[in-house]
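Novice: Quick mapping for you: the protein sequence lines, in order, are chains A and B.
Quick note: to get the numbering used here, add 7 to the position in the first sequence (first position is 1).
Quick note: to get the numbering used here, add 5 to the position in the second sequence (first position is 1).
Keep in mind the hints are simulated off the structure, nothing from the lab.
Keep in mind the model is a prediction, meaning the values are calculated, not measured.
Warning: the hint list may mix true and false statements.
[Said to hold, decoys possible] Far from chain B by the CB rule (all over 10 Å, computed), these chain A residues:
#1 P16
#2 I61
#3 T126
#4 F141
#5 L163
#6 S172
#7 Q209
#8 L221
#9 L242
[As the list claims (entries may be wrong)] Derived SDA-like pairs: lysine to any residue, alpha-carbon spacing no greater than 20 Å straight-line:
#10 B/K43 to B/M25
#11 B/K43 to B/R54
#12 B/K43 to A/M244
#13 B/K43 to B/L31
#14 B/K12 to B/A23
#15 B/K43 to B/A53
#16 B/K12 to A/Y53
#17 B/K12 to A/M244
#18 B/K43 to A/H240
#19 B/K12 to A/Q121
#20 B/K12 to A/T126
Think of the CB as a built atom: it goes at the ideal place given N, C-alpha and C, for glycine as much as any other residue.
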Amino acid sequence: MSLWEYANPVRFMGLSARVLPVVSVLAGLFLAVGLVWGFFLTPDDYRQGSTVKIIYLHVPSAMMAINAWAMMLVASLIWLIRRHHVSALAARAAAPVGVVMTLIALATGAIWGQPMWGTWWVWDPRLTSFLILFLFYLGYIALWEAIEDPDTAADLTSVLCLVGSVFAILSRYAVYFWNQGLHQGASLSLDKQENVSDVFWQPLVICIAGFILLFVTLVLVRTRTEIRARRLHALRMRARMG
Amino acid sequence: MMPELGKYAVAVMSAYGASMALLAGLVALTWWRGAIVKRQLAEAEREARNG
């Protein structure tokens with residue numbers, strides 16, 4: 008069976024109905040275990056004190072903020088190239104999830120930055136590109152709402168998504184491009200020297216898995232809603248014309 | 006059971022509080038809108054069937 012068959016709304020609804028219960032339970036389980044482990048059972052860091060516990064929210068949400076945009080980019084490209092409506096609706100469904108992830112990353116970063124850096128905000132390359140990514144999310148959502156014709160809205164938001172991808176990439180790699188930033192490098196790395204200590208790493212990986220599963224759950228639910236909303240719109244138009 | 010957060014207690018608790026509130030709001034809105042659209046679609050399909 009080809010992957011493209013799931014671009015059929017009926018097939019997508021059938022598959023997502025079967026997958027959703029499993030993914031949502033796993034999301035709740037991973038988030039509960041990761042956050043309880045991280046908050047209650049890990050020690051303070053010798054430099055950051057108890058603020059290290061913010062890592063379990065900040066790192067997964069920041070990763071998902073960027074990954075959500077990457078998912079929207081893939082879905083937008085599929086829409087532009089193959090004109091599958093489900094992919095356009097999936098991109099639309101992911102945007103509000105991405106915006107909340109970006110907001111959590113910005114808020115927790117600011118709350119952590121105040122005691123550690125002595126400031127809530129600094130125009131650091133990574134922080135600035137993340138703020139611009141947040142504004143792109145808002146613009147993307149506003150554009151979908153502003154255009155009545157769904158296909159035109161999908162076309163224009165897809166183009167906006169392509170442009171915004173520059174900032175999604177920048178927000179991930181800005182620390183490597185510019186050295187003058189305050190923001191440190193990646194917390195998770197294959198390089199043992201750069202990686203966080205094992206005692207923080209284990210619950211962090213579980214939290215990241217939990218955030219990924221939560222994202223998948225929410226995007227599936229929201230895509231199903233968008234498919235239903237589209238069918239509802241079509242039925243209402245037909246009733247009005249008939 | 007509550008860990009000793011020391012002088013950073015306000016920062017840590019507000020980070021968790023704000024994040025949980027945002028996530029709970031997102032989940033609640035997602036399910037709320039999903040339920041409304043599902044109900045409206047069922048009504049519209051019933052009306053379409055009944056002419």
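Novice: Each hint: holds or not?
Specialist: A quick look at each hint next to the structure:
no., hint, result
1, P16, "12 Å, holds"
2, I61, "5 Å, violated"
3, T126, "13 Å, holds"
4, F141, "13 Å, holds"
5, L163, "23 Å, holds"
6, S172, "23 Å, holds"
7, Q209, "17 Å, holds"
8, L221, "8 Å, violated"
9, L242, "4 Å, violated"
10, B/K43 to B/M25, "27 Å, violated"
11, B/K43 to B/R54, "17 Å, holds"
12, B/K43 to A/M244, "17 Å, holds"
13, B/K43 to B/L31, "18 Å, holds"
14, B/K12 to B/A23, "19 Å, holds"
15, B/K43 to B/A53, "15 Å, holds"
16, B/K12 to A/Y53, "14 Å, holds"
17, B/K12 to A/M244, "60 Å, violated"
18, B/K43 to A/H240, "12 Å, holds"
19, B/K12 to A/Q121, "13 Å, holds"
20, B/K12 to A/T126, "17 Å, holds"
In this structure, the earlier hints numbered 2, 8, 9, 10 and 17 are contradicted, and the remaining ones agree with it.
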